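Residues 1 to 85 in our numbering are what the sequence shown lists, from first letter to last.
Derived by calculation from the structure, the hints in this document are not laboratory data.
Note that the structure is predicted; figures quoted are calculated from it, not measured.
Mixed in with the good hints, there may be bad ones.
[Unchecked claim] Across the chosen pairs, the derived CB separations fall in these ranges: (1) PRO7 - LEU52: 29 to 39 Å; (2) ALA47 - CYS77: 11 to 21 Å; (3) ARG15 - GLU63: 15 to 25 Å; (4) LEU52 - ALA11: 31 to 41 Å; (5) MET56 - PRO7: 30 to 40 Å; (6) PRO44 - CYS77: 26 to 36 Å.
For glycine and all other residues, C-beta sits at the position ideal for the given N, C-alpha and C.
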Amino acid sequence: MSPVVVPEWEAEAKRRFGGSSDYLRRIAPIPWLRRTCAAWMLYPISALPVRLADLMFLVVSQENSCRYCYGAARAICASSVTPTE
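Working from the sequences, and respecting the hints, build out all of it.
This is the structure in structure tokens:
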């Protein structure tokens with residue numbers, strides 16, 4: 001799915017999240033997915049350690065064979081590694 005600029009979604013993303021991104025533009029053409037992702041992003045992960053949630057994101061994106069998600073998950077995991085790990 002290619003990124004698409006939908007003006008009303010761009011305005012909503014700016015209001016809700018402070019701006020848009022490639023990810024948000026990829027879900028822009030699908031209204032129900034935009035609503036779901038916007039609602040989901042407002043709930044912080046509190047029951048799991050952030051590192052575990054990041055690793056779960058990596059595994060699920062790899063299992064789903066989503067190149068975009070897998071690349072994003074790898075970048076998140078790589079950026080969260082401390083020198084002692």
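Hints versus structure:
Against the hinted window of 29 to 39 Å, the Cβ-Cβ separation of PRO7 and LEU52 comes to about 38 Å, which satisfies the hint. One distance hint, 11 to 21 Å for the beta-carbon pair ALA47 and CYS77, holds here, with the actual separation near 20 Å. The given range of 15 to 25 Å is broken by ARG15 and GLU63, whose C-beta atoms sit roughly 34 Å from each other. Separated by about 35 Å at the C-beta atoms, LEU52 and ALA11 satisfy the suggested range of 31 to 41 Å.
In this structure the supplied range 30 to 40 Å holds for MET56 paired with PRO7, their Cβ-Cβ distance being about 34 Å. The beta-carbon spacing between PRO44 and CYS77, approximately 19 Å, falls outside the hinted interval of 26 to 36 Å.
In summary, the numbered hints that this structure violates are 3 and 6.
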